[in-house]
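Participant: Residues per chain, in single letters:
Protein chains: 2
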Amino acid sequence: MELSKEDLVAAHDRTRAYIHRTPVLTSRYLDELAGGNIYFKCENFQKIGAFKIRGAMNAVLSLSKDKLEKGVATHSSGNHAQALAYAAREVGTRAFIVMPENSARVKVDAVKGYGAEINFCQPTLQAREEGLQAVIEKTGATLIHPFDDLKIIAGQSGVAKELIEDVPGLNNIIAPVGGGGLLSGTLLAVKHFSPKTKVYAAEPEGAADAVLSLRTGKIESAPYVDTIADGLRTNLGEKTFPIIQKLVEKIYTVSDKEIVDAMRLVYERLKIVIEPSSATTLALVLKHKEEFKNQKTGVIFSGGNVDLTDLARLFRNY
Amino acid sequence: MELSKEDLVAAHDRTRAYIHRTPVLTSRYLDELAGGNIYFKCENFQKIGAFKIRGAMNAVLSLSKDKLEKGVATHSSGNHAQALAYAAREVGTRAFIVMPENSARVKVDAVKGYGAEINFCQPTLQAREEGLQAVIEKTGATLIHPFDDLKIIAGQSGVAKELIEDVPGLNNIIAPVGGGGLLSGTLLAVKHFSPKTKVYAAEPEGAADAVLSLRTGKIESAPYVDTIADGLRTNLGEKTFPIIQKLVEKIYTVSDKEIVDAMRLVYERLKIVIEPSSATTLALVLKHKEEFKNQKTGVIFSGGNVDLTDLARLFRNY
Chain A
1 MELSKEDLVA
11 AHDRTRAYIH
21 RTPVLTSRYL
31 DELAGGNIYF
41 KCENFQKIGA
51 FKIRGAMNAV
61 LSLSKDKLEK
71 GVATHSSGNH
81 AQALAYAARE
91 VGTRAFIVMP
101 ENSARVKVDA
111 VKGYGAEINF
121 CQPTLQAREE
131 GLQAVIEKTG
141 ATLIHPFDDL
151 KIIAGQSGVA
161 KELIEDVPGL
171 NNIIAPVGGG
181 GLLSGTLLAV
191 KHFSPKTKVY
201 AAEPEGAADA
211 VLSLRTGKIE
221 SAPYVDTIAD
231 GLRTNLGEKT
241 FPIIQKLVEK
251 IYTVSDKEIV
261 DAMRLVYERL
271 KIVIEPSSAT
281 TLALVLKHKE
291 EFKNQKTGVI
301 FSGGNVDLTD
311 LARLFRNY
Chain E
1 MELSKEDLVA
11 AHDRTRAYIH
21 RTPVLTSRYL
31 DELAGGNIYF
41 KCENFQKIGA
51 FKIRGAMNAV
61 LSLSKDKLEK
71 GVATHSSGNH
81 AQALAYAARE
91 VGTRAFIVMP
101 ENSARVKVDA
111 VKGYGAEINF
121 CQPTLQAREE
131 GLQAVIEKTG
141 ATLIHPFDDL
151 KIIAGQSGVA
161 KELIEDVPGL
171 NNIIAPVGGG
181 GLLSGTLLAV
191 KHFSPKTKVY
201 AAEPEGAADA
211 VLSLRTGKIE
221 SAPYVDTIAD
231 GLRTNLGEKT
241 FPIIQKLVEK
251 IYTVSDKEIV
261 DAMRLVYERL
271 KIVIEPSSAT
281 TLALVLKHKE
291 EFKNQKTGVI
301 FSGGNVDLTD
311 LARLFRNY
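If you read the protein sequences in the order shown, they are chains A and E. Numbering of the first sequence is given in the working numbering, commencing with residue 1 and proceeding in unit increments. Numbering of the second sequence is given in the working numbering, commencing with residue 1 and proceeding in unit increments.
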């Protein structure tokens, strides 16, 4: 089953009252640098500081009353944990979040701040999944996967849908790819609302599972995982992979150095705070200028949740 | 002679096509923290990254044709240098900027990038003034002072004028104070467009000339100068001091630690890049919560030109 145009419209309408319609920024300087017109879709200004609230909100709002009463659950150390905690609070239900015990304190505090119940576990995927399974068995809560879920994908499609509405005639849209929720949503929004637009994906060199998966035709793990773009270290999923395989124009990798260089430009020129995962998209455009020259290109900034001490380290070391 | 309502309107109309009408941001989190409603006027998104372009543009656009032909000149190592260089280019004349030879390379590059002619000098006030005098004698260029000039003050008043137009019924506006150009402009805008609004000024503890000047009734130097808010190290001037003395509600000092704490909140919650001088205003509100509780307070962010390596150091050390 694939998501229809109506599914995407319904998801956007359903979540509209709970999310920001984020602004689209431009910069004459960056246009000159890229040799084309760039439109930055700023999900760093979104609720909880990242696009993830869109999918989480859509998933929670789509639950039956019975299911909603028992709450929602996930394992995550990142933006999805905050998103689900926030979404659950908005609809008046409980969120159970399984987090690795070595999660950054700032992220734990944010999830707690939204009123979620946290269960700590060992920092391994197995421990996370077992911890989650135990919570679900005990509470009857519904698992909300961070990306491999059609309700999540439909929610994330709102980013590109808004961008297409605000900037007609885009030649390209660039989205980052981690688990593929945002990228799948972007691809489906483009398919239904702006079929002539090409969608490119940006992936860190140090988490190159998606380029590899496209080449082999099945879901692969990255050859090695080592990147500052901590939101993009995940493999693709059963639901996101086929959509990406069918619709994406091209996936390009960018190095951590290229990511930090793009971040620096954004901080200095746009005067906004973005996280490393966000900067992959601008890095891609600047790395492949000839492909985007004299065109209108939408660049998605996925979020702005960066630890300021990490930031200091990044700008010093690259 | 004092600036009339008509002077301020004329300055705003004259410069409108050359500047951004900057956005006003809000944050539910920061409202809760402050116990009132805060409206952030974001001059970090202004052309050249700071409000200074408003005054420079108004000064340059107000010159006679004869004077304009000979160019404009100033000494500055900061945002005024960039502003004057940019303004001169916009109207097609030359800018001569005297800069201390130890100026940050990024600032020198920015001034050069706008096509100004730079004369380097020893990093003392005397050398700067002598260097400027020499340039003016040689070229016949008109001196544009960074703040102690009614055309500059009239230009800077646009910040508060726009804020008042966008957010009716403000109880307070907070501006930073260095030389007093922005503060004087803010005070005059409030006097003419929103006389019931109170204006407070934020000054770094390590550049406390303005609080001292108000106490003694004459222009004073700071007891010592040591602050990260590099835009606010200047003394008041002959034109700015009387306006401030007559109209300001109160000047409060804030420490460098309080400035960095406020910066951190802005980066983390508003996801925007501001320079230390900007953060003094939010720091003031959070330091004197009881005075702004349950009120509508406009907080001016003066600019966003911060060296990212300095930034790293700040967030690490405070």
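Any given hint could turn out to be false.
Copies of the same chain look alike in the list, so a pair counts if it fits in one copy or across any two.
The list that follows gives simulated cross-link-like pairs (lysine-lysine, BS3-like), each with its CA atoms no further than 27 Å apart [to be verified]:
no., residue 1, residue 2
1, 107, 257
2, 289, 112
3, 70, 138
4, 107, 70
5, 296, 70
6, 296, 196
7, 138, 218
8, 5, 191
9, 296, 65
Calculated from the structure, these hints are not laboratory results.
Participant: Within, between, both or neither: how does the pair residue 138, residue 218 come out at a Cα-Cα threshold of 27 Å?
Facilitator: Neither. Shortest intra-copy (35 Å) and inter-copy (73 Å) distances fail the 27 Å Cα cut-off.
Participant: Using 27 Å as the alpha carbon limit, work out where residue 107 and residue 70 are close: within a copy, between copies, both or neither.
Facilitator: within (24 Å within a copy, 58 Å between copies)
Participant: For residue 296 vs residue 65, is the C-alpha pair at or below 27 Å within one copy, between two copies, both, or neither?
Facilitator: neither (44 Å within a copy, 40 Å between copies)
Participant: Tell me, please, which holds for residue 289 and residue 112 at an alpha-carbon limit of 27 Å: within, between, both or neither?
Facilitator: between (43 Å within a copy, 26 Å between copies)
Participant: Regarding residue 296 and residue 70, is the shortest C-alpha distance of 27 Å or less found within a copy, between copies, in both, or in neither?
Facilitator: neither (46 Å within a copy, 41 Å between copies)
Participant: Is it within, between, both or neither when you check residue 70 against residue 138 at 27 Å Cα-Cα?
Facilitator: within (10 Å within a copy, 81 Å between copies)
Participant: Is the C-alpha distance from residue 5 to residue 191 at most 27 Å within one copy, between copies, in both cases, or in neither?
Facilitator: Within. Shortest intra-copy distance 9 Å satisfies the 27 Å Cα cut-off; inter-copy 54 Å does not.
Participant: Cα distance capped at 27 Å. Does residue 107 pair with residue 257 within a copy, between copies, both, or neither?
Facilitator: both (25 Å within a copy, 24 Å between copies)
Participant: What label fits residue 296 with residue 196 when the C-alpha limit is 27 Å: within, between, both, or neither?
Facilitator: Classified as within; 12 Å inside a copy, 47 Å across copies.
The structure is inconsistent with the numbered hints 5, 7, 9, although it conforms to all the rest.
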